[in-house]
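**Q** Listed in order, the protein sequences are those of chains A and B. Position 562 of the first sequence, counting from 1, maps to 562 under UniProt numbering, and the rest follow consecutively. Position 68 of the second sequence, counting from 1, maps to 68 under UniProt numbering, and the rest follow consecutively.
Keep in mind that a hint or two might mislead.
[Said to hold, decoys possible] Beta-carbon label-pair distances, calculated as ranges: (1) B/G232 - A/G548: 52 to 62 angstroms; (2) B/T86 - A/L512: 27 to 37 angstroms; (3) B/Q37 - A/F73: 27 to 37 angstroms; (4) A/D491 - B/G13: 36 to 46 angstroms; (5) B/G232 - A/L512: 28 to 38 angstroms; (6) A/S487 - B/G47: 50 to 60 angstroms; (7) A/M258 - B/P158: 24 to 34 angstroms; (8) B/V235 - A/D491: 13 to 23 angstroms; (9) B/F62 - A/L209: 30 to 40 angstroms; (10) A/F73 - B/A2: 34 to 44 angstroms; (11) A/L134 - B/K136: 49 to 59 angstroms; (12) A/T72 - B/G13: 27 to 37 angstroms.
In short, the hints are calculated from the structure, not lab data. Everything numeric in this text was worked out from a predicted model, so none of it was measured. Yeah, the Cβ is synthetic: ideal placement off N, Cα and C, and Gly gets one too.
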Amino acid sequence: MGDVAHTAGTAVPHDDIDGAELYHPHSWLTKYVFSQDAKVIGVQYALTAIAIGMVALVLSWLMRLQLGFPGTFDFIDPAAYYQFITMHGMIMVVYLLTALFLGGFGNYLIPLMLGARDMVFPYVNMLSYWIYLLAVLVLVASFFAPGGPTGAGWTLYPPQAILSGTPGGQDWGIILMLLSLCLFIIGFTMGGLNYTVTVLQARTRGMTLMRMPLTIWGIFTATVMALLAFPALFVGAVMMLLDRLLGTSFFMPALVEMGQQLSYGGGSPILFQHLFWFFGHPEVYIVALPAFGIVSDLIATHARRNIFGYRMMVWAIVIIGALSFIVWAHHMYVSGMHPWFGFFFATTTLIIAIPTAIKVYNWLLTLWRGNIHLNLPMLFALGFIVTFVNGGLTGLFLGNVVVDVPLSDTMFVVAHFHMVMGVAPVMVIYGALYHWYPKVTGRMLDDMMGKIHFWVTFLGAYLIFFPMHYLGLLGVPRRYHDIGQTSFVPDSAHTLNAFISVVALVVGAAQLLFLFNLFWSLRRGKEAGPNPWNATTLEWQTPETPPGHGNWGRELPVVYRWAYDYSVPGAARDFTPQNEPPPAAAP
Amino acid sequence: MAVALIMVLVAIGSVVFHWLSPWWWTPIASNWEYIDQTLIITFWITGIAFVAVVGFMAWCIFRYRHRPGQQAHYEPENKRLEVWLTVATALGVAAMLAPGLFVWSQFVSVPDDATEIEVVGKQWQWSYRLPGEDGKLGTSDVRLISDTNPLGLNPDDPNGRDDVVIEAGDLHLPVGRPVKVLLRAIDVLHDFYVPEFRAKMDMIPGSVTYFWFTPTRTGTFESLCAELCGVGHAVMRGRVVVQTEEEYQAWLQGQRTFAQLAAR
Ligand code: HEM
Ligand SMILES: [Cu+2]
Ligand SMILES: [Cu+2]
């Protein structure tokens with residue numbers, strides 16, 4: 001078995017630490033606001049992401065109202081609709097999911113799960129959050145700027161993104177969007193370098209790489225990917241800003257707009273698409289890999305069983321991460337790029353399905369012969385498996401170049417990506433919040449509210465997005481504020497749209513219930529104790545709950561085993577914490 | 001118990017919905033029924049996988065749910081099972097990829113006898129150009145666009161003088177003859193999309209893109225724009241009329257050429 005391992009290692013001497021090594025806050029302001037404690041920063045990231053995510057959620061209601069009942073709401077004209085989809089899409093993908101998984105869970109969990117006291121560069125970590133907040137504020141400002149936010153779609157394709165036929169194209173909208181993205185990337189880079197170095201350098205004694213919980217593997221790999229992928233977006237954003245503000249022509253060919261010859265010439269719109277998707281495809285996995293990691297730990301913990309095939313799981317994460325850099329042009333099959341690229345990108349794309357499928361099998365095989373506690377984190381994990389498998393399988397349609405030709409740019413695509421990178425990761429986020437909330441606050445979230453939240457969200461989201469595939473198959477294009485009278489669209493399709501919209505509003509209401517639960521349980525929730533789930537990983541073994549600054553009191557924990565010693569035959573309890581010494585080595 | 005049951009219902013419900021759904025692709029009007037067939041293969045393989053995964057999951061939830069005295073089985077890995085599953089998945093993937101790539105190779109190989117026609121997108125309307133007597137389209141350049149030359153045709157190119165220019169009208173095509181559709185945009189990205197033909201492709205200002213197909217039945221088909229191109233995106237509609245050869249020729253006689261338009 002080499003150095004992997006689920007076997008307990010030999011004892012390692014304890015490590016002392018000076019009190020002086022950490023910066024200790026001296027005032028309320030440095031403790032809760034300008035904090036350098038990764039846990040506080042993680043909570044700040046999470047709350048900010050959830051707040052801006054609420055904006056995206058409200059936008060989705062407005063879009064659904066328009067699609068379900070076109071013509072009823074005067075204030076949603078085509079321009080407003082395009083602004084809504086753009087802001088909704090960008091906020092959900094970048095400012096909510098990326099920030100929450102990496103900035104939120106990454107900050108909170110990396111030091112705790114690895115037995116470190118904090119991130120290695122706490123000050124830079126603090127800056128990372130404040131720059132992220134600034135990025136969010138700049139984005140929000142575009143709602144109030146003259147001309148409103150950009151309506152170019154979250155893909156921001158030029159030339160239209162900076163021309164007058166698109167909302168915000170010749171006003172502030174697109175400029176603020178690009179600036180905000182640049183800020184986000186700068187902030188993320190500060191955090192990302194921190195997470196990477198912390199994982200590589202600050203693990204406690206005994207915590208070999210192959211003993212790390214899969215949560216950390218997921219977040220770590222996603223962070224490395226983000227560090228490699230975001231620069232492409234950064235460059236694209238800067239070049240587009242130059243095109244828009246200084247009249248350069250990186251992405252702008254000679255063109256005639258509304259009868260006017262423009263002075264642009266010689267640039268390539270397709271170049272932007274390559275830069276965007278070189279970022280955009282890995283981005284999907286930047287969101288998915290942390291979800292994969294976290295859900296593995298949720299399933300193992302609540303099925304009381306070791307994760308099945310740990311090494312396969314680690315390698316699958318790493319391989320998916322690597323492969324995801326050579327599949328980007330599957331978003332461009334009908335972009336007009338050279339058709340021969342189709343052969344290459346279809347092949348690489350379908351190959352990714354194999355390690356992905358292995359992960360699904362291993363989750364199922366972890367449930368198999370387990371001892372499944374159907375509590376809230378487990379329910380959300382099960383919801384994740386269903387929606388992720390569904391969305392992953394429709395990915396095989398869109399990845400298989402020729403099948404994508406009729407389906408691309410239709411509602412089939414909207415249904416697919418919502419299932420796989422909207423609903424599925426959100427399921428994991430909720431599962432994770434129910435799972436770790438007791439560690440963060442010392443109290444459990446209310447179970448009854450949680451159950452309602454789960455069933456409404458899971459079944460509702462499925463009802464929204466499953467039938468939507470068939471609208472796309474029929475030929476309904478995406479990004480249409482109103483399909484109107486179209487020869488091939490029967491009346492029943494309008495009925496379906498109205499149905500989807502009603503369900504979307506109900507699902508939205510359930511999220512408000514969750515928010516309420518989040519605050520209500522802060523005071524009224526059941527006391528959790530240090531380790532309510534009987535979990536093995538280090539964050540549950542802290543001397544205090546919630547953990548104090550520096551996490552571990554005087555002595556760092558020492559790790560003797562992998563993270564998945566659940567139901568070990570012969571053990572007294574059905575879990576053996578990572579820092580529990582093997583019987584022989586115990587003093 | 002209830003959870004397992006609901007999961008089974010989700011799987012069964014999805015399959016039932018698939019079979020009963022009144023929303024399905026439009027009746028095909030081009031030679032690309034191969035694309036439809038690849039899609040059907042994909043539906044079968046992925047459908048079976050979905051039902052198997054969710055079904056197995058539901059069974060595990062039922063069989064291994066927590067009860068007093070229940071203990072999980074400790075088994076870190078099982079090489080044989082993992083290899084076996086990997087191979088089965090790879091076979092499934094290959095069964096979809098192989099026909100997919102085969103059909104794609106046809107999609108990208110334009111037959112030699114295809115007639116070249118041109119569709120031009122601008123905010124928010126389609127224009128068309130058909131080759132004249134000589135069967136060739138003349139060259140064009142955005143810089144030449146003006147009120148009298150809306151598509152920017154090159155007046156010095158003899159091939160272009162007899163080209164038939166259709167602004168804001170319907171595109172007519174003869175049934176049964178392969179066409180190579182050249183796509184051009186003069187302002188922003190657009191995408192010429194007729195669901196019944198199955199094919200679509202973006203048009204990019206500064207480049208000429210293309211796809212080909214053979215119309216296989218007569219009728220009038222609605223074309224839409226499938227690439228967000230600004231506030232008028234959803235109203236950028238057009239019509240393609242597929243006719244018999246005689247009807248088509250009769251229609252063609254009534255159209256004006258570039259030379260005639262320029263002489264106005
Ligand atoms: C129940 C919750 C949600 C509803 C009802 C919803 C609804 C919608 C609607 C109606 C559209 C526009 C479709 C179109 O006209 O093309 C859209 C677009 C989009 N949504 Fe969502 N959405 C939800 C959650 C999410 C989540 C969690 C994500 C995170 C990945 C997400 C990401 C996107 C993206 C990236 C777009 C594309 C924007 C564009 O076309 O530029 N959505 N959503
Ligand atoms: Cu268009
Ligand atoms: Cu359009």
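**Q** Decide, hint by hint, whether the structure agrees.
**A** Right, here's what the structure says about each hint:
1. B/G232 - A/G548: 52 to 62 angstroms: Hint holds: Cβ distance 59 angstroms, inside 52 to 62 angstroms.
2. B/T86 - A/L512: 27 to 37 angstroms: 43 angstroms, violated
3. B/Q37 - A/F73: 27 to 37 angstroms: 42 angstroms, violated
4. A/D491 - B/G13: 36 to 46 angstroms: 24 angstroms, violated
5. B/G232 - A/L512: 28 to 38 angstroms: For A/L512 against B/G232, whose Cβ atoms are near 36 angstroms apart, the range 28 to 38 angstroms holds.
6. A/S487 - B/G47: 50 to 60 angstroms: 29 angstroms, violated
7. A/M258 - B/P158: 24 to 34 angstroms: 31 angstroms, holds
8. B/V235 - A/D491: 13 to 23 angstroms: With a Cβ separation near 20 angstroms, B/V235 and A/D491 satisfy 13 to 23 angstroms, so the hint holds.
9. B/F62 - A/L209: 30 to 40 angstroms: 37 angstroms, holds
10. A/F73 - B/A2: 34 to 44 angstroms: With Cβ atoms ~39 angstroms apart, the hint holds.
11. A/L134 - B/K136: 49 to 59 angstroms: 58 angstroms, holds
12. A/T72 - B/G13: 27 to 37 angstroms: Because 30 angstroms falls inside the window, the suggested range holds.
Of the hints listed earlier, those the structure fails to meet are numbers 2, 3, 4 and 6, in rising order.
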